[in-house]
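Chains as they are written, first to last, in our numbering: chain L, 1 to 191; chain G, 192 to 602.
Everything labelled a hint here was simulated from the structure, so no lab data went into it. Here the structure is a predicted model, which is why all the values come from computation and not from measurement. Note that the Cβ used here is the ideal one computed from N, Cα and C, for glycine as well. Treat the hints with caution; some may be incorrect.
[To be verified] With a cut-off of at most 30 Å between alpha-carbon atoms, the simulated DSS-like pairs for lysine-lysine come out as follows:
#1 L:172 x L:188
#2 L:141 x L:172
#3 L:141 x L:175
#4 G:274 x L:110
#5 L:172 x L:154
#6 L:175 x G:274
[What the hints assert, rightly or not] Label-pair restraints from in silico Cβ distances:
#7 G:278 x L:171: 46 to 52 Å
#8 L:45 x G:504: 52 to 58 Å
#9 G:504 x L:135: 39 to 45 Å
#10 L:1 x G:568: 51 to 57 Å
#11 G:584 x L:154: 51 to 57 Å
#12 L:156 x G:581: 52 to 58 Å
#13 L:134 x G:558: 35 to 41 Å
#14 G:513 x L:44: 52 to 58 Å
#15 G:504 x L:158: 32 to 38 Å
#16 L:43 x G:327: 18 to 24 Å
#17 G:425 x L:1: 50 to 56 Å
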Amino acid sequence: MLRIMLINDTPKKVGRLKVALEEAGFDVIDESVSALDLPQRVEQLRPDVVLFDTDSPTRDVMEQVCLLSRDQPRPIVMFTDDQDPRTMRQAIQSGVSAYIVEGINAQRIKPILDVAIARFESDQALRQQLLAREQQLDERKRIEQAKGILMRMKDCNEDDAYTLMRRQAMSKQQKLIQVAEQIIAMDKMLQ
Amino acid sequence: MHDDDTTASTSASENNQSTKTVQSQTAWVAGSDAPEIPLVNLGFMALTDSAPLIVAATQGFAQAQGLTLELHRQPSWSTLRDKLATGELDAAQNLYGLVYAMHLGLSGGSATPMAVLMNLNHNGQAITLSKRLLDAGVHDGASLAAYIRQHPPLRLAQTFPTGTHALWLNFYLGSLGIDPRRDVESVVIPPAQMVDYLARGDIDGFCAGEPWGAHAIAEQAGFTLITSQQIWPDHPEKVLSARAEFVAAYPNTTRALMRAVLEASRFIELNQDNREDTAALISGQDYVGASTSAITPRFLGRYEDGQGHAWQDAHALRFFADGHVNVPYLSDASWFLSQFRRWGLLTATPDYQQIVSDVQRLDLFQQVATQVGLSLPHSAQRQSTLCDGQIWDGQNPEHYAQSFAIGIEAH
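Turn these sequences into a full structure, and let the hints steer you where they fit.
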């Protein structure tokens, strides 16, 4: 069963979503949008989906969405009455996986959540791959840099420097990149 | 081939290659050979056999192929199977028998089309028996067979029901005239836990990969009855596997992974220094998590059986041997199918040829081998003589499966 954290910002319609969600068989955790420690709450309660119910996403709500997608990424669904495309765009840029205007009924909730989760997962995978690519380039640069330092210090050629680094890494049960970082750090200290 | 002279020059050219790869990266991206995804989640077990994967992931070999290999150690073969099936792992070290059990749907759950990308090693497993049995006079196959005939069934452990170790154990017992299905009790235990079970007396012996056989001797819990290379010299052992779906979706990534592992395997066997460094690396807590004293000797082919015999093994653990080790021979795969058939895991004659040519990705191996400058064998079958004196050459596997005195039973 999916655990849903429901963040309510619509005092006049209190409970409209909660009831629908519970009827659809979800486990609902209630939260207030004024909770300042939302990422920590999400970390503690580990919901599968975070759902905002809001008349119109205020600056506070957007802030919370940004914080969440940065610190505790989760599928975020926003139910709102605000039809302004600019608001929608802003919400999606902040990290909302699904932006739903009006019209909530129990039957529609499940497919909406499924789409939001799928969208979130593919976004996460893309992000992970982007990070991996950046990290690869960065590691490659640092290994080259460390190789250069060793060549200068040991007055050896590129291959010898590389072999030295690998030997050190393997005998210390470390990755090549870790040894490269140590060499760079040491070099900085000695300068 | 691997004397010190070639070592120096090959290692130099290898480094040149890695620099060249950096430069040609842009050309790749523009062309068609760049990995479709930069990150591969790779499963492995705490075994000496994992060395090429650990070296490839940590020592710059994957990086040179534009890949990051994220290593995930698995507590048991069944966990590895589940994570590979669900896609949590993209590729994994695997047992031949486990890959084929997944492919055929014999290991619980539905069939998952699988790919064997390359063989990772030959040899290097062993059957270990308890000190208690040694004290009772069991020291070789004949004395074991005599003991089994006079005593209640021994409890012998292997690492996975359809796995390589179960099949080595069964094959060896069968060659002694012992029926592993009724004359012994067979249990499944993850390799890294074997020695604890043996020391506590919960099992009488086990078949598993190193360093756990050597570790049992060091802990004075057991002795080596027979090595797997005595059962089948240069037998196929672990393979690099992936779901067929993954290979189809990410062919460039798959080839980059294979190149990284092949280059790492080549590196390990380049010289003695590299072998020793590799043993030191894999002993780390994140990898095999055993002392170098348990790993290194057998890694270098220095055997001691815990009953006073020591030898330099002519068929010790091999990862490369100029790429000969890595060929995913069709005959290696059909041997495992023939044993599935023999022990009743397959109750009807399977289409051996169709199955093994679907799973063994000789096409990919051929492309990759050419890219890293390996010469390929002329045949997809090879010939071996096993410990029972029978020849296995990949021809007529059903006839082979039917040929054993202890074998297929009528249902």
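Status of each hint after checking the structure:
no.: 1; hint: L:172 x L:188; in the structure: holds, 22 Å
no.: 2; hint: L:141 x L:172; in the structure: holds, 22 Å
no.: 3; hint: L:141 x L:175; in the structure: holds, 15 Å
no.: 4; hint: G:274 x L:110; in the structure: holds, 27 Å
no.: 5; hint: L:172 x L:154; in the structure: holds, 20 Å
no.: 6; hint: L:175 x G:274; in the structure: holds, 25 Å
no.: 7; hint: G:278 x L:171: 46 to 52 Å; in the structure: violated, 36 Å
no.: 8; hint: L:45 x G:504: 52 to 58 Å; in the structure: holds, 57 Å
no.: 9; hint: G:504 x L:135: 39 to 45 Å; in the structure: holds, 41 Å
no.: 10; hint: L:1 x G:568: 51 to 57 Å; in the structure: holds, 55 Å
no.: 11; hint: G:584 x L:154: 51 to 57 Å; in the structure: holds, 53 Å
no.: 12; hint: L:156 x G:581: 52 to 58 Å; in the structure: holds, 55 Å
no.: 13; hint: L:134 x G:558: 35 to 41 Å; in the structure: violated, 29 Å
no.: 14; hint: G:513 x L:44: 52 to 58 Å; in the structure: holds, 56 Å
no.: 15; hint: G:504 x L:158: 32 to 38 Å; in the structure: holds, 37 Å
no.: 16; hint: L:43 x G:327: 18 to 24 Å; in the structure: violated, 57 Å
no.: 17; hint: G:425 x L:1: 50 to 56 Å; in the structure: holds, 53 Å
Comparing the model with each numbered hint stated earlier shows that hints 7, 13 and 16 do not hold.
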